[in-house]
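K.L.:
Using the sequences and the hints given, assemble the complete structure.
Taken in sequence, the protein lines are chains A and B. Numbering-wise, our numbering puts 124 at position 87 of the first sequence, and it's gapless, one number per residue. Numbering-wise, our numbering puts 191 at position 154 of the second sequence, and it's gapless, one number per residue.
Source of the hints: derived by calculation from the structure; they are not laboratory data. Here the structure is a predicted model, which is why all the values come from computation and not from measurement. Be a bit skeptical, because a hint or two may be false.
[Said to hold, decoys possible] The calculated lysine-lysine pairs, modelled on DSS-like cross-linking and capped at a C-alpha distance of 27 Å, are:
#1 A/Lys-165 x B/Lys-165
#2 B/Lys-86 x A/Lys-185
#3 A/Lys-86 x B/Lys-165
#4 A/Lys-40 x B/Lys-182
#5 A/Lys-217 x A/Lys-185
#6 A/Lys-165 x B/Lys-167
#7 B/Lys-86 x B/Lys-185
#8 B/Lys-167 x A/Lys-167
#9 B/Lys-86 x A/Lys-217
#10 B/Lys-217 x B/Lys-185
#11 B/Lys-86 x A/Lys-165
#12 B/Lys-40 x B/Lys-86
#13 B/Lys-165 x A/Lys-182
#14 B/Lys-236 x B/Lys-167
#15 B/Lys-165 x A/Lys-167
#16 A/Lys-86 x B/Lys-185
#17 B/Lys-182 x A/Lys-86
#18 B/Lys-185 x A/Lys-40
#19 A/Lys-86 x A/Lys-40
#20 A/Lys-185 x B/Lys-40
#21 B/Lys-86 x A/Lys-167
#22 A/Lys-86 x B/Lys-217
Protein chains: 2
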Amino acid sequence: MLKLYYAPGTCALATHIALEEAGAPYEAVRLDFGSQAQRSPEYLVVNPKGRVPALVTESGTLTETPGLLLFVAQRFPDAELAPLSDPFALAQVQEFNSYLCSTVHVAHAHGRRGARWADDAAAIEAMKRKVPATMTECFDLIERKLLKGPWVMGEHYTICDPYLFTIASWLEGDRVDTGKLPRVMEHRRHMLARPAVQKAVAAEGTQIG
Amino acid sequence: MLKLYYAPGTCALATHIALEEAGAPYEAVRLDFGSQAQRSPEYLVVNPKGRVPALVTESGTLTETPGLLLFVAQRFPDAELAPLSDPFALAQVQEFNSYLCSTVHVAHAHGRRGARWADDAAAIEAMKRKVPATMTECFDLIERKLLKGPWVMGEHYTICDPYLFTIASWLEGDRVDTGKLPRVMEHRRHMLARPAVQKAVAAEGTQIG
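P.N.:
Quick look at the structure:
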């Protein structure tokens, strides 16, 4: 039995959805970020980074969304969540997910976690102010170039889709004009029609859109 | 014939080394960041993100280091650069590389590319000031927990090693006390003893350490 540590509103939703899509046996454990549970001594034993997601497997604990998503796809191959045997196609999947984790998630994080990168209160406010512009720039590239449609990689649903859906769920909070992202919004609608997505979203109690 | 676009001193060195390790047929094309060649109309056709690395393959162009490294490992399996058929072990590789791209590289980038995340000159200076602390924190975790030794994943050299080596080559410039990172520095020495590393480093004309 796998165990997923998550908190609502975080990127852990991507792995949560992927586990549902895969029909994986798993338990989801909610951490209360309000009481800083991710920094508790008990949790730091699970994940020394003090963040979510973390996935406890039969072989050990994994963190970092692109790694977790690849694990789910490869561990449950019948779900066909990634083109595992095609080096170019699999690299495209990891390319997209790397862009989400290293550029898009990072752009978003400057609105809430600026203290990671500066100590000065005015600097943290300056970072917050730029989030709508940086997130708009990232999603403009996704809208125009990266999202093939209907799914990220085209006709086949992959581990890119729950990850894009999760990060796109932050757009309204980041004050991005979603009216200019019709293809991303259509992707959201397609995602919300999937039972696995509905189940993970309901379990987390997350409000999308 | 693969074509790798790179600039000296960037994370493209990781893929450059991996291509050498794999014995891949490739051509390395240097972009002159001084003249903003990564923003030229010609290059934006290759990579709309305007960054390096980009790898032109027989199937199309790939970007983002964790995707490129996985591609090299899977496309040239005889080099055994990743545990491709073990879902947990491969996820650990992607976990480590995701941490490098989304946390460590991002921490470093605040010293030179702060304008990505704030428009205010004082805020950009505040970000620069914090780089030694954030990079020290990242590498403390790598030193204590993530680097198994002698290679990142233990006894087997993988695509994590050129990536760690590349990002660790920025430590002195980021004013991190490498005296407190003996295992990371030992990893650097092991890397510099490999012919593939020597060849890529010499081709880029990069000074390490």
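K.L.:
Honestly, which of those hints from before does the structure not fit?
P.N.:
7, 13 and 14
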